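Enquirer: From first to last, the protein sequence lines stand for chains A, G and F. Per my numbering, the very first residue in the first sequence carries number 1; after that it's consecutive. Per my numbering, the very first residue in the second sequence carries number 1; after that it's consecutive. Per my numbering, the very first residue in the third sequence carries number 1; after that it's consecutive.
Since the hints were derived computationally from the structure, they do not count as laboratory data. No experiment lies behind these values; they were computed from the predicted model shown. Be a bit skeptical, because a hint or two may be false.
Stretch-level coverage of chain F by chain A, calculated; a stretch enters the list once three of its residues show a Cβ under 8 Å from a Cβ in chain A [to be verified]:
{"#": "1", "stretch": "168-179"}
{"#": "2", "stretch": "189-196"}
In silico lysine to aspartate or glutamate, DMTMM-like type, Cα no more than 25 Å apart, as pairs [as the list claims (entries may be wrong)]:
{"#": "3", "chain 1": "A", "residue 1": "K230", "chain 2": "A", "residue 2": "E215"}
{"#": "4", "chain 1": "A", "residue 1": "K73", "chain 2": "F", "residue 2": "D197"}
{"#": "5", "chain 1": "A", "residue 1": "K73", "chain 2": "A", "residue 2": "D27"}
{"#": "6", "chain 1": "G", "residue 1": "K265", "chain 2": "G", "residue 2": "D62"}
{"#": "7", "chain 1": "A", "residue 1": "K131", "chain 2": "F", "residue 2": "E173"}
{"#": "8", "chain 1": "A", "residue 1": "K131", "chain 2": "F", "residue 2": "E127"}
{"#": "9", "chain 1": "G", "residue 1": "K265", "chain 2": "F", "residue 2": "E127"}
{"#": "10", "chain 1": "G", "residue 1": "K163", "chain 2": "G", "residue 2": "D186"}
{"#": "11", "chain 1": "A", "residue 1": "K131", "chain 2": "A", "residue 2": "E156"}
{"#": "12", "chain 1": "G", "residue 1": "K163", "chain 2": "G", "residue 2": "D175"}
{"#": "13", "chain 1": "A", "residue 1": "K73", "chain 2": "F", "residue 2": "D187"}
{"#": "14", "chain 1": "A", "residue 1": "K73", "chain 2": "A", "residue 2": "D23"}
{"#": "15", "chain 1": "A", "residue 1": "K73", "chain 2": "A", "residue 2": "E156"}
{"#": "16", "chain 1": "A", "residue 1": "K230", "chain 2": "A", "residue 2": "E164"}
{"#": "17", "chain 1": "A", "residue 1": "K230", "chain 2": "A", "residue 2": "D27"}
We put the beta carbon where it would ideally sit given N, CA and C, even for glycine.
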Amino acid sequence: MSAALLAVRGLSKRFGGLQAIRDLSFDMAPGEVLGLIGPNGAGKTTAFNLISGFLVPDEGDVVFDDRSLVGLKPHAVCQVGLARTFQIVRPFPRLSVLDNVKIGALGRRPAMAAAREHARAVIARVGLESKMLAAAGALTLPERKRLELARALATEPRLLLLDEVMAGLNPTEIVAILGLIEGINRSGVSILLIEHNMRAVMSLSHRIVVISFGEKIAEGPPAAVANHPKVVEAYLGDAYVHAPQA
Amino acid sequence: MDLTLVVQGLLNGFLFGGVYSLMAVGLTLIFGVMRVVNFAHGDMMVWGMYLAWLASTRLGVDPYLGFLGCAAALFALGFATQRVLVNRIIDAPHEMQILLMLGVALVLENAALVAFGPDPVRVRSPLTAVTVWLGPIFVDVARLVTFGVAIVLTLALYLFLTKTDLGRSMRAAADNSYGALVIGTDVRRVYAVAFGIGAACVGAAGALVSPILPFSPSGGLTASVAAFNIVIIGGMGSLVGAFVGGLLVSVAESLGAVFLAPSLKELVSFSLLVLILLLRPAGLFGKSAA
Amino acid sequence: MRVACALALAALLVLPLFLSSYAVTLFIFIFFYAYLGQAWNIVGGYAGQLSAGHAAFVGVGAYASAMLSMHAGLTPWIGMFIGGALSACLGVVIGYLGFRFGLRGFYFVLLTVAFAEICRIVALNTEATGGAQGLYIMFTGNPRQFQFQDNRVYYYVALGLMLGATGIAAWIERHRFGAYLSAIRDDEAAAEALGVDTFRYKMLAMTISSFLTGVGGTFYAFYLFSLQPNAVFGIPLSVEIIIRPIVGGAGTLLGPILGSFILSPLAEVSRAYFQAGGWSGAHLIMYGGLLIAVVLFLPQGAYPFIARHLRLGQR
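The task is simple: from the sequences and hints, build the whole structure.
Expert: Here you go:
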């Protein structure tokens with residue numbers, strides 16, 4: 001039996017004529033930050049949807065802590081300890097920031113008062129206290145990203161799936177959220193993140209998995225993956241594979 | 001089993017299907033372009049019927065000519081509804097749009113009730129009495145003409161959407177409203193025209209049906225349900241689906257009337273709706289709803 | 001705020017001593033429709049699952065308790081719970097079909113309307129339910145048969161129903177159930193991702209809502225004494241049910257009550273006015289117009305609007 005926190009085994013998914021994910025396999029160790037990268041349309045968000053229960057795979061298995069997640073509804077996956085964020089943020093617009101995060105907290109703390117307390121703590125941790133009572137619909141994009149993060153964090157996950165949490169942020173905001181994510185990881189939460197910002201992914205991740213056209217084409221520490229010929233080819237085309245390294 | 005009855009049912013259903021198709025095409029156009037479900041569709045049809053009745057009784061205009069006027073009037077109504085009401089909530093949560101159109105339906109249905117009373121009326125046309133016999137089967141000339149006009153109108157709509165600039169703008173806005181905006185389309189105007197055309201279709205359908213069936217204000221809901229049935233079967237947003245669906249549903253209902261008691265016709269309609277809702281999702285041809 | 005509510009409640013409790021029978025009747029309808037609106041509010045307002053067929057539950061509850069009373073001599077005090085349970089069963093069926101099959105928004109609305117209409121047509125064509133003529137309950141004034149000689153007792157019963165439903169809604173609001181419902185209302189997928197079993201909570205809301213509405217059906221039957229399919233299953237009743245919470249504020253505690261206090265008098269006035277001119281059904285035009293106006297100008301309803309302004313005043 002492996003010590004892997006998350007084991008994705010031979011995952012496949014097809015939509016009509018398109019094979020979106022083909023035989024995807026990788027492991028995640030507890031405490032790890034794993035970056036999932038690949039060109040647009042490679043299937044990264046589909047992989048997230050498969051892992052978190054929003055889609056059912058045609059083949060393969062997702063094992064979390066020696067327990068298969070396939071067939072579980074998303075809420076059950078969350079209850080088991082795996083939380084996700086969405087690529088396009090989905091705040092509860094009519095609810096306040098506090099109430100938003102409280103929804104996440106209520107999973108493990110059914111009593112409203114306890115959930116509220118925990119939510120306050122999480123909100124403080126992500127730096128949104130000043131907006132605690134503001135309606136989520138009125139937040140700026142960086143604030144919404146933090147809110148999305150806070151909500152997922154409030155469910156007290158052991159594994160956090162972050163889908164392009166840095167998209168649309170400016171460099172200062174990115175640095176800030178990078179620090180936040182590092183802190184979350186240091187507190188014991190494993191992180192699987194999809195990200196296009198190469199610098200961020202490279203600096204955050206312990207290991208990286210590269211997907212192209214639904215298939216894994218490389219896996220390993222950031223440095224090794226960055227120079228991997230298949231990865232260069234996938235992003236830039238094969239003309240660049242043998243280009244001189246900068 | 002009397003084969004003649006069945007064939008007659010098939011024929012009647014098919015001919016009447018032209019009207020169903022026209023009605024459904026209007027509804028699906030509105031949905032396809034704006035993602036708005038026109039709950040007032042059936043009530044607009046009823047108004048088309050009453051306008052035809054008015055034209056016939058007050059102005060002596062035969063509904064087979066008057067339908068143009070009805071279409072024009074309903075176009076104006078649809079255009080105004082979109083411009084004045086729907087436009088304001090196009091980006092609001094879907095519940096708002098549902099409630100809005102429910103409100104419009106209530107207003108239209110009960111305005112008709114107040115204006116015309118609850119008793120069914122019928123429109124007289126010299127064509128209603130004419131039948132042509134093909135052996136043991138008879139063809140209602142009125143239904144034949146209705147069918148013909150409905151087909152012509154649907155074809156005209158098809159040509160409009162594929163050959164004219166405005167029509168193409170409409171399809172562009174339907175596919176991608178943001179993109180359409182970017183290339184300079186006056187999306188709001190396109191929406192208003194689309195709603196207008198959708199309403200015109202159902203207004204014309206109403207006028208064409210007015211000599212065939214008796215009608216009253218309460219028929220609005222029944223007509224709406226029939227339209228929803230067709231559009232969901234054929235696929236929300238698909239013109240071809242609405243057209244084919246209209247013929248299918250009409251034939252099915254007609255055959256159903258041959259085999260079942262008439263008082264259960266509405267029951268069949270609603271039960272069909274439930275089944276379709278559960279078994280859809282995208283219908284035969286459609287795009288899936290948001 | 002609490003003080004205001006307490007005062008209002010006290011006033012309502014003593015009001016019947018000063019009112020004419022006509023006014024008492026008006027209040028009975030205000031309370032009763034507020035009750036039905038509050039019951040609807042649980043699934044339509046808090047959970048955001050728009051149902052336009054809640055009359056089905058009124059009808060089932062009404063016919064059930066009426067028939068149990070007429071044919072089995074069962075007192076409506078028990079019959080109302082059976083009626084409520086039967087309505088809840090129908091609610092479970094509709095909810096299950098709707099939620100399992102992923103019907104949202106207008107698809108769900110259509111489903112609810114279809115079921116209500118099916119009930120209406122079945123009732124119209126079934127002899128056991130009296131067909132088109134419906135059922136007539138004999139007036140005995142016997143409290144054991146949920147009938148009272150004095151109009152004012154009905155007043156307190158209706159007030160009790162309204163307060164009871166509001167109490168249930170308040171409990172829901174204050175507990176996890178309510179928080180989850182508002183999350184589901186705003187974004188179901190996001191709620192799922194946060195561990196909310198959306199199917200389960202929607203079903204719960206639907207079950208409670210339909211049960212309460214079914215219980216209301218008994219009040220309807222034994223206050224109006226006549227049940228006709230078109231009236232008790234029809235769309236006009238469904239509209240009466242939903243318009244009060246929508247105008248007053250869907251998903252708020254006081255919305256249905258406020259809405260009822262606004263609408264019932266309005267409906268009375270317009271009915272009296274238009275009936276004099278021989279136009280019946282005109283008050284439905286007003287409802288339609290109000291729906292449109294609320295959607296366009298006050299989408300959250302009257303109560304949130306008023307609350308915001310009152311709070312500003314208090315600062």
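Enquirer: What are the numbers of the hints the structure violates, in ascending order?
Expert: Violated hints: 6, 8; rest satisfied.
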